[in-house]
Structure formats: C-alpha cells, structure tokens
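**Q** So the protein lines, in turn, are chains A and B. Quick note: the first sequence, position 98, residue 98 per this note's numbering, numbers continuous. Add 1000 to a position in the second sequence, counting from 1, and you land on the number used in this note's numbering.
Hints may contain errors.
To be verified - Some but not every residue of chain B turned toward chain A, in silico, with C-beta under 10 Å:
no. : residue
1   : R1074
2   : G1087
3   : I1089
4   : L1093
5   : E1094
6   : H1100
7   : E1107
8   : E1122
9   : A1125
10  : I1140
11  : T1142
12  : P1143
These aren't lab readings, by the way, just hints derived from the structure by calculation. Cβ coordinates follow ideal geometry from the N, Cα and C atoms, glycine included.
Each chain, written out:
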Amino acid sequence: MVSFRQHLGELLRYRGLIKNLVARDLKARYKNSFLGFAWSLVNPLMMMSVFTLVFGILMRNDIPNFPVFVLIGLLPWNLTVGSVMGSMGSIVGNGNLIKKVYFPREILPISLVFSNVVNFLLASIILGLMLIFFQISVSPLALYFPLVLLIHIIFLLGLALFLSSINVFFRDTQVIMEVLVLAWMFMTPVFYNIEDLTSNFSRVMYIINPMASIISTYRVILLYDAAPAWDFLARTTATSVAVFVLGYWFFLKHAPTFGEEV
Amino acid sequence: MVLFENVSKRFILRHERHRSFQEAFVNKWKHRDRSNEEFWALRDVSFTVGESGTFGLVGENGSGKSTALKLITRIINPTSGNVKVEGRIAALLELGAGFHQDLSGRENIFLNGSILGMTGKEMRARLDEIVEFSELERFIDTPVKHYSSGMYARLGFAVAISSDPDLLVIDEVLSVGDEAFQRKCADKIREIKDRGKSIILVSHNLQTLRDLCDEAVWLDAGVERAKGPSHEVVDKYLEWANIKNKTRLEGAQSHSQSGLEETHRWGTREVELTAVEFVDAEGRPGSVFDTGDSMLVRMHYRARQRVEKPVFGIAIHRIDNLLINGPNTKTSDYDIDWVEGEGVVQYLVPSLPLLEGTYRLSAAIYDHSCLHPYDHHDRMYMFTVQPRTVKERNGFLHIPCQWCIEPKSAVHEGRAPTSNR
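So that you can see chain A by itself, here it is in the shape it has in the complex (with noise of 0.2 Å):
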C-alpha cells in the first residue's frame, strides 16, 4: 500500500486547500440568504418540529422527551444525507478545476463532506439548547461524542468517495441514491426507537446498518447517560474503516481518469 501512503502525505501538504474549500463551502453558502449562519439552526429545529407533529402528536408514542430524542437522530441523520448527497456532484460539478489543475482529487469529495461536519457542529448548537430547555442533564459520558462522530466521518469519508467516482462513469447514481436514501431513512431509527422493532429486525439493522448504530450510539451517550457497549462499538468502527478503505481504494483507481472523463 505504498502509493496509499504517498497520497496521504500529499493529502497533508494540501491541508490548507481542504480548509479553504470548506470555507469556501460554508461562506458560499450563507453569504447569498437572508437569514444565512441561522439557517443551519432553524432548518433542524422547523423538521423537529414537524416530525415531533407527526410522530409524537398524530401518532402517539410514549418516548419521553421526544422532540430531543428526533433532534439527536436528525442532526447526524442530515450530516449523512448532506455528505452522500452532495458528494456525487463533487467531482462531476468541478470539472472545470479539474481539467485546469492538479491537485490530489479526493480532496473535494473530502472537503465536502467536512463542510457538512462543521455545519453539524454548528446546527449542534440547537441541540445543547433543547438539552438545557427539556432539563436534561448531560452526563460525563458525553465525553464520547468526538470519538462517535469520528467514527460517523470515517464511514461518510468511504462512502463519499465511492459515490463521487462512480458517478463520474454513471450518472445516474445520483437519481437511484435519492430513492436509496429515502429508504435509508425509514431504515434508521432518526424517529423511532430501534428496540421497537421486533427484536430479530433491529438486530438485522444494526448489522448491515452502520448509521442505525451510530444514531442509537449518539442516543446512548447524550440521552440515557450511559456508556456505549465496547463490542457494538468496536463493530462499527471496523464496518466504518473497511468502508472507508475500499472507498478510498476505489477512488485512488479511478481517479487518474477524472481529467479526461468529467
């Protein structure tokens, strides 16, 4: 794996690039709208809202706390969507970089997705107020939150750069993700308790679903004050970094065409 390593130490010369496309990124986004930086924090609040409506109102469930518990699977629920979503137009949507100049390419499809965590962190704002507003309080096993959201950017990094190249050579991986991730959703405990399902179904989706895991795990630490158990732990970190890797190694095969392909 030599030439994975070199494409790492290039990666850290070009630091200060994956910074500015991020800024880029985030002032582009707010510098055009009314309300800009609020946007971030109003958006997750109105979809709180409507889903506490919808499935805490309309339909009654007897989870305490619930607009807390939806915004806790709606923050790292979003963070994916924006990563998956927006990472298949990173390479096809800046052709024009990329036929003008050289820079290690999975640079964009990275910076993208770290765009999307720092307007996670910032939309986490929203969270440690509602936290304050509902009097729950947050024990030390908060402390946790860095390391699961490492392991969130870990399986988003592998799965942005699988999609930003392969929609290179077929664009409509676009079309078919937008259903795949409507059904992802649905999958994911964002509004619901996974240990509702009947049990033999959870544990099916803990197991093929990486972001059922790591939601319940955001639940776990922030919410029921208790630590996240080792072995569950220890299996998503290993689905996030084998992702991660076959993402990368797909990537770094196709990526010597993108100049002449996009």
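Assemble chain B onto chain A, guided by the hints.
**A** Just chain B, lined up with the frame of chain A:
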C-alpha cells in the same frame, strides 16, 4: 526539470457514451461496444526540459500541444511512456480556474493559492505582492463575479505567478488584459526565466516562441516533426505551414468565384471581361502572394463591336470591404483609343505593399466618362497575402521607410542608421 519519455496518449471517443447503468448492461449483454473509437493525441513523443531552460511547443490546433501540457501538469496520465516532473509547477492553462464567483478577490487569492499547492503562511506573505501586481487594490474585497474579464485574468495570473514555481507552464494566456498588462506579464516571465527556472510555453505567436525559447518541438497530429533549437524548429514549421496554406487557399478560391455573378456583376456588355487571373512573382498563375512580391492581374476582354475610349480599372478591398485603392487606365493617363475582338489588359504591381491578409479585387470596364459600366465585376476575385519575408504585423500596409537615431548626449554610442527597404 521535465522528462517526457516515449509518451503516447490515447483517448477513447465515445460517440454515444454509456453514462447510465441501463446502457452499460445492455452493451455488456450483447457483447458490443460499437461506439468506441480510438484517437491518439500523442504518439511516442520524447523531450527533456532541463532546469533553467525555456521550451516551446509548436503545431497547429489539434496537434497535441495542449495534451502534452496536461500530461506535464498531471491533469491526465499517459497511456504509455513516462512523464517525470521535479519541483513545483505553476500552470497558466486557464487564469482564475477555481475562482468562486461569490467570494471576494482576497478570499479567492487564498483559495486559488491553496489549489496551486501553497500554504496559508506563504499566501499571507505574498498577499500584498499579489494585490499590487494585479492592480486591484480598490476591488480586492469585491466578489469576483463583479470583475471584468481582464480583472479576473489579472488576478489569476498574479496568484499563479506568485507561487514561486520551479516550472512554469503557459498555454496561450498572454493574450489577456490590455497591452500594458500583457507587457507586465511578459516581463515577469522573463524575470522568472532569468532566475533560472524552467518554462514550457505554447503559443501561436511564433515570434514570441522564437525569442523566448531555447528549444522547441513541433508536433503534427501527435507526432514529432522536428525538435531542437527553437529558431530552427519554428522556421521548419513556418515553411511547412505556408506551403500547406497556399495549397488550401488556391483550392478554395477556384471554387468560390462562380456563384457571385448574379449579384456582383453588372453592365451593358458591349465589351466583356471574360476572365481575370492573378500571376505571382514566379510567373505562375495563383492568388497567394508575399508582401514585396510582384503581383500581376490579367484582365481578358472580348468586344463584340468596336468600342471607343474604354477605361479599364481595378479596385482592391480589404476583406471587411474597406476600399484600399481603385486605379484605372484613365487616372493613370494610359489612354486606350478603342478595342475590338479579344485581348488582355495587365495591371502590374512591382512590389506589393499589402501585409498579411485576404483581399478582394474588383475589375471593370467603363466608358470614357467613367459613368456607364460596360462590365463591372464587383469584388469577385480574392487573393491572399502571406507574411513570409516581412516582420511587420500591424495594419495592412507596408510603407517603405528608414529609421534613424540622433542622440543628443555625447556619451551615447552612435548607431548607423539602418534602412528598411
């Protein structure tokens, strides 16, 4: 340092690209991939650019020059062969590639700089220099979408050039901005050259190439035609291009003169122009001339009856219909008493003063008052002037002249006046 070793590059031209799963599956299923066609943009090309060398690429459009530049800058990879580049590259392939429209000039300097591989520290150190060079002090905090194309290019050039490259790759970008800025760019490039960095240059301005480059390669349809000292390569290329051009122009012009009769010919035809032909300096028929050559126009006439005191004339127009001259036998005091039957009137220019370009010629026969046309062929004949021997480029006329310098101070070393024909 650049090492280009037996490099070939193949592109697959897909007339119908299967960019969707469905087509990919269908094609796999039926074992066909009918739409693919190979295209070799470069075939077995080798050259080396040493440290502190300036190297030029010459060739027509589509000869593979840009492909070579893209290989050097790692935008694409070779199909076979080796491309090795040492040191930092700054590529001026397109100025301001990667600028974000909504961000200010200052923000874009940092963004573009990091795309070119500079660190934030380097950028901060050079910010003032970049702003000053681009002459955009007042607009640096304005979003670049409000910039004019010239401002855009200036900023792009300033960022690219400030990256302190070991190798500068330039693709025809010097044709941007006003003349003062172009000169500034050229000076900057010379300065980089003098600092002992390597430069690779593609330009259609062969004079620039000849002056700036030490060595060059001439590519034709992806194959090396010549390699070596730049002036030799440029001369070989020019010779070839001129011959090719001549053949093409003559082929085209023999076709183009028939359809014009309806709209461009009028007169009562007591005496007719039956043919108009050009004869070049070597006495061969042909409508391509070099500046300074002799040009002969032969007007064949046929008079059905005796016509008294006809006036023969011609007129030369630039391609945009600007009238350049319009002499006739009357204004030249060459009186023709009468014509009957067939004959030829010749118009000879001993030394053609026109510069490079395409021109149209009218030929006409009028009565003595010059009011009544017998036969007028309005701009029906085209001829072309090529710049083979003359270096003059501006305008369309070569006016013979002399230059002379008369220094006021005694220190100045005198210089003999030189004449230009």
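**Q** Take the hints in turn and mark each one as holding or not.
**A** Do the hints match the structure? See the list:
no.: 1; hint: R1074; in the structure: holds, 4 Å
no.: 2; hint: G1087; in the structure: violated, 13 Å
no.: 3; hint: I1089; in the structure: holds, 8 Å
no.: 4; hint: L1093; in the structure: holds, 5 Å
no.: 5; hint: E1094; in the structure: holds, 5 Å
no.: 6; hint: H1100; in the structure: holds, 5 Å
no.: 7; hint: E1107; in the structure: holds, 7 Å
no.: 8; hint: E1122; in the structure: holds, 9 Å
no.: 9; hint: A1125; in the structure: violated, 13 Å
no.: 10; hint: I1140; in the structure: violated, 16 Å
no.: 11; hint: T1142; in the structure: violated, 13 Å
no.: 12; hint: P1143; in the structure: holds, 8 Å
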